[in-house]
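*Asks:* For reference, the chains in residue letters:
Number of protein chains: 2
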Amino acid sequence: MAVPPLLTDLYQLTMMKAYLDNGKTEEAAFELFVRELPENRNYLIFCGLEEVFQVIENLRFSESDIDYLYSLKLFPDRFLDFLKEFRFTGKVYSIRDGTPFFAQEPVLRVEAPIYQAQLLETALMNQVHISSLAATKAARIYTVARGRAIADFSLRRTHGSDAGLKVAKYSYVAGFNGTSNVLAGKLYGIPVIGTVAHSFIMSFESEGEAFRAYLRSYPDKAILLVDTYDTVEGVKRAIEAAKEMGVELKGVRLDSGNVVELSKLVREILNEAGFERAKIIVSGGLDEYRIDEILKAGAEVDAFGVGTKFGVSSDSPYIDFVYKLVEVGGKPVMKTSPGKKMYPGKKQVFRKKEGDVVGVWGEELPGRPLLELVMEGTERRTEVPPLKEIRDYCISQLENLPEEVRDIRRKAKYPVAFSRKLEELYRKILRKIEEEEGELS
Amino acid sequence: MAVPPLLTDLYQLTMMKAYLDNGKTEEAAFELFVRELPENRNYLIFCGLEEVFQVIENLRFSESDIDYLYSLKLFPDRFLDFLKEFRFTGKVYSIRDGTPFFAQEPVLRVEAPIYQAQLLETALMNQVHISSLAATKAARIYTVARGRAIADFSLRRTHGSDAGLKVAKYSYVAGFNGTSNVLAGKLYGIPVIGTVAHSFIMSFESEGEAFRAYLRSYPDKAILLVDTYDTVEGVKRAIEAAKEMGVELKGVRLDSGNVVELSKLVREILNEAGFERAKIIVSGGLDEYRIDEILKAGAEVDAFGVGTKFGVSSDSPYIDFVYKLVEVGGKPVMKTSPGKKMYPGKKQVFRKKEGDVVGVWGEELPGRPLLELVMEGTERRTEVPPLKEIRDYCISQLENLPEEVRDIRRKAKYPVAFSRKLEELYRKILRKIEEEEGELS
Numbered sequence: 001m002a003v004p005p006l007l008t009d010l011y012q013l014t015m016m017k018a019y020l021d022n023g024k025t026e027e028a029a030f031e032l033f034v035r036e037l038p039e040n041r042n043y044l045i046f047c048g049l050e051e052v053f054q055v056i057e058n059l060r061f062s063e064s065d066i067d068y069l070y071s072l073k074l075f076p077d078r079f080l081d082f083l084k085e086f087r088f089t090g091k092v093y094s095i096r097d098g099t100p101f102f103a104q105e106p107v108l109r110v111e112a113p114i115y116q117a118q119l120l121e122t123a124l125m126n127q128v129h130i131s132s133l134a135a136t137k138a139a140r141i142y143t144v145a146r147g148r149a150i151a152d153f154s155l156r157r158t159h160g161s162d163a164g165l166k167v168a169k170y171s172y173v174a175g176f177n178g179t180s181n182v183l184a185g186k187l188y189g190i191p192v193i194g195t196v197a198h199s200f201i202m203s204f205e206s207e208g209e210a211f212r213a214y215l216r217s218y219p220d221k222a223i224l225l226v227d228t229y230d231t232v233e234g235v236k237r238a239i240e241a242a243k244e245m246g247v248e249l250k251g252v253r254l255d256s257g258n259v260v261e262l263s264k265l266v267r268e269i270l271n272e273a274g275f276e277r278a279k280i281i282v283s284g285g286l287d288e289y290r291i292d293e294i295l296k297a298g299a300e301v302d303a304f305g306v307g308t309k310f311g312v313s314s315d316s317p318y319i320d321f322v323y324k325l326v327e328v329g330g331k332p333v334m335k336t337s338p339g340k341k342m343y344p345g346k347k348q349v350f351r352k353k354e355g356d357v358v359g360v361w362g363e364e365l366p367g368r369p370l371l372e373l374v375m376e377g378t379e380r381r382t383e384v385p386p387l388k389e390i391r392d393y394c395i396s397q398l399e400n401l402p403e404e405v406r407d408i409r410r411k412a413k414y415p416v417a418f419s420r421k422l423e424e425l426y427r428k429i430l431r432k433i434e435e436e437e438g439e440l441s
Numbered sequence: 001m002a003v004p005p006l007l008t009d010l011y012q013l014t015m016m017k018a019y020l021d022n023g024k025t026e027e028a029a030f031e032l033f034v035r036e037l038p039e040n041r042n043y044l045i046f047c048g049l050e051e052v053f054q055v056i057e058n059l060r061f062s063e064s065d066i067d068y069l070y071s072l073k074l075f076p077d078r079f080l081d082f083l084k085e086f087r088f089t090g091k092v093y094s095i096r097d098g099t100p101f102f103a104q105e106p107v108l109r110v111e112a113p114i115y116q117a118q119l120l121e122t123a124l125m126n127q128v129h130i131s132s133l134a135a136t137k138a139a140r141i142y143t144v145a146r147g148r149a150i151a152d153f154s155l156r157r158t159h160g161s162d163a164g165l166k167v168a169k170y171s172y173v174a175g176f177n178g179t180s181n182v183l184a185g186k187l188y189g190i191p192v193i194g195t196v197a198h199s200f201i202m203s204f205e206s207e208g209e210a211f212r213a214y215l216r217s218y219p220d221k222a223i224l225l226v227d228t229y230d231t232v233e234g235v236k237r238a239i240e241a242a243k244e245m246g247v248e249l250k251g252v253r254l255d256s257g258n259v260v261e262l263s264k265l266v267r268e269i270l271n272e273a274g275f276e277r278a279k280i281i282v283s284g285g286l287d288e289y290r291i292d293e294i295l296k297a298g299a300e301v302d303a304f305g306v307g308t309k310f311g312v313s314s315d316s317p318y319i320d321f322v323y324k325l326v327e328v329g330g331k332p333v334m335k336t337s338p339g340k341k342m343y344p345g346k347k348q349v350f351r352k353k354e355g356d357v358v359g360v361w362g363e364e365l366p367g368r369p370l371l372e373l374v375m376e377g378t379e380r381r382t383e384v385p386p387l388k389e390i391r392d393y394c395i396s397q398l399e400n401l402p403e404e405v406r407d408i409r410r411k412a413k414y415p416v417a418f419s420r421k422l423e424e425l426y427r428k429i430l431r432k433i434e435e436e437e438g439e440l441s
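Going down the list, the protein sequences come from chains A and B. All letters in the first sequence, in the order written, are residues 1 to 441 by my numbering. All letters in the second sequence, in the order written, are residues 1 to 441 by my numbering.
Okay, chain A solo, but in the shape it has when bound (with noise of 0.2 Å):
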């Protein structure tokens, strides 16, 4: 799905103007990232530069937005006539997708005209948060279900298309094995999967009819919904229509109940009969805290499905990205607020086993570099790997957290600290601020 150019913010059209009326063209840098991890999390995870490529690739506006622009009466011909040839020129550097990242360090720079650095700023947003929010989640669900299957099934309940498009698509590359989004598997390559709902089951005479009705569609392929009954009964009677038809039972659902108790009855039953090969999925309410739990307490499972609270991310909705002003002209700057730090200047991340040092772009520590320049004007200077691989380095990434960190209940800090230079740096910037402050009151 393109972003199109004109799903911004209103006042980055009208400052763009203000910017080229007053003539200010200068270089600029501005840095994406969080002040401050979410309550919930101890670490996040950076995805979505795809996005980003097609934002800045699609930032063409066409004669309809020119027409729409004009009407709103608040833009002179001479600078619609610009926006028209409008081009992106600057340059973007990102860290890779799949990485964890802490509070303070930056995981995209954009450097170009100021006028077009802040153009860029909604939408890269609004990509980039939406992605790396639902990456995140999944991170912690991948994390406690202990290399159980983990299937994306929130497509009803993600908020509109195109969260659900990067919930199946980011969550696959945060360790989940498939999504129930056909449209996501189409157009990402990500393996589709599913089952069967109880409206199926229901629409038979019996539980039994349906479960025969549907081995005949999906014969050794059918994972049965076992619950919309009673679930013990349930489960035989899956397991009686398999054999009777001679088919293999690939799995039965379990949606309701308690999924600990049932799941281990269900199994020695599967067992029982003969079907040790069949899976137990287990649905409902899941996310990551009731996982561990299910998991804690013994269950049974082979593959979870989740939907709504993983695909909204219920426990900690929204990142609070901030796409900030580091450097105007050459000459860095921060934004001071009371209790809002930031720190001045183009960074760089260096990565470490102990940990992170964030320092002055241009600063050689040890470590690996996390950002690399990834795009010229609207060339990319990067391919973006295939999902598969990312999900290979995010899964490692996430492997070489320290336990504590991706505890999914308990806080803890990974360690991030700043290099001497750029404390300095942000205390000269400081000094100069409340000095013209104090000039001018």
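Hints are not guaranteed to be accurate.
Identical copies look the same in the list; a pair holds intra-copy or inter-copy alike.
As the list claims (entries may be wrong) - In silico BS3-like cross-links for lysine-lysine, where the CA-CA straight-line distance does not exceed 25 Å:
# : residue 1 : residue 2
1 : K388      : K186
2 : K279      : K73
3 : K250      : K264
4 : K73       : K388
5 : K73       : K186
6 : K250      : K73
7 : K236      : K432
8 : K279      : K331
9 : K335      : K236
Simulated from the structure, these hints should not be mistaken for laboratory data.
Following the hints, complete the assembly by docking chain B onto the known chain A.
*Replies:* For chain B alone, kept in the frame of chain A given last:
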């Protein structure tokens, strides 16, 4: 943004094949409703009818959709040929956009051959969910804003582009005055609103210079952000700049600090300088709870700009909509689960001054019937009114709600009764299910 037909759960397609394989083409009815209201909601607002229409109108599988489905090795050619020609032939009933609704009240019903009605589930829910979620959150903000203007500034943090558009559209319906989302302005004709960002102010040598630059570009139209350095100094500089240039100051925006005290101070300063007409816009971390607090504390605010917490409905980020089979082959059905009541059969909701009565479809009861035929096949049987008209209707409905139901903090139950006929049907179906279960076990 058209919803592509593959934006669905895989099982909708596999069930469709299984229905057809087993000759199940009988008429069925599915109703969309919530079993219970979310924890923090005394009412919900239905929105999304235009999107429902579009889902059904766009339900035509393309060649590339068919090719993708073929590649999954789940569907034989015969079924794919059938899909290629597929068009919806059923009926849709719906309540009006902007109507408040409550637990156990159907807001939408699809009557169609069961394989068709089933197929629509995911996309309808995906689209109605975010539309109603946004309208509901906005309605709560509207009711506490006590006549102050409200603008949607949430685009950068909504869950993707589709959510951004629906949040803008349906918050307008629920009483907002406009949005910063330019694309929503273009697509839906909603007023677009904007101020200026901190980065703009910071990019100039001084705040005063930034103000003059913006006033030069937008004389008489500028809303200046005055809290970049010091709010009181900021507003004085804004006045100074406007006076110096001989232009009007349309308003000032406060985005941080103690807005109750600051807004009073800013109002005084503006008035003393003869800028009585300049508006005070407050933004930054707002939702209905905070707006209510601010106004109760006597803040001087003309307009609010609401962002993240509103745009993701952070205190209640999802609605547990269900789309349940209520009739098949002319027979009313329901799914029984412990603690999860639902009523069987096709229903109508009658709204009277004293409360609602849910009855059996076809019953004649006092009050205004809420559900009406809106679509037959792919033909619309009603027109979606202009947004402005829906907005007037929604506001009038909100104002009709009892005060305690409109309260944003205390739980209050709107009176919803169930007709004797519906209760009898419920008991009859329940007995039947229990008898069958008894026979089977």
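*Asks:* Run every hint past the structure and note whether it holds.
*Replies:* Now the hints, each set against the structure:
no.: 1; hint: K388 <-> K186; verdict: within (15 Å within a copy, 38 Å between copies)
no.: 2; hint: K279 <-> K73; verdict: between (62 Å within a copy, 21 Å between copies)
no.: 3; hint: K250 <-> K264; verdict: within (17 Å within a copy, 68 Å between copies)
no.: 4; hint: K73 <-> K388; verdict: between (48 Å within a copy, 21 Å between copies)
no.: 5; hint: K73 <-> K186; verdict: between (42 Å within a copy, 14 Å between copies)
no.: 6; hint: K250 <-> K73; verdict: between (63 Å within a copy, 16 Å between copies)
no.: 7; hint: K236 <-> K432; verdict: between (76 Å within a copy, 22 Å between copies)
no.: 8; hint: K279 <-> K331; verdict: neither (60 Å within a copy, 34 Å between copies)
no.: 9; hint: K335 <-> K236; verdict: between (65 Å within a copy, 20 Å between copies)
Checked against the numbered hints given earlier, this structure breaks only hint 8.
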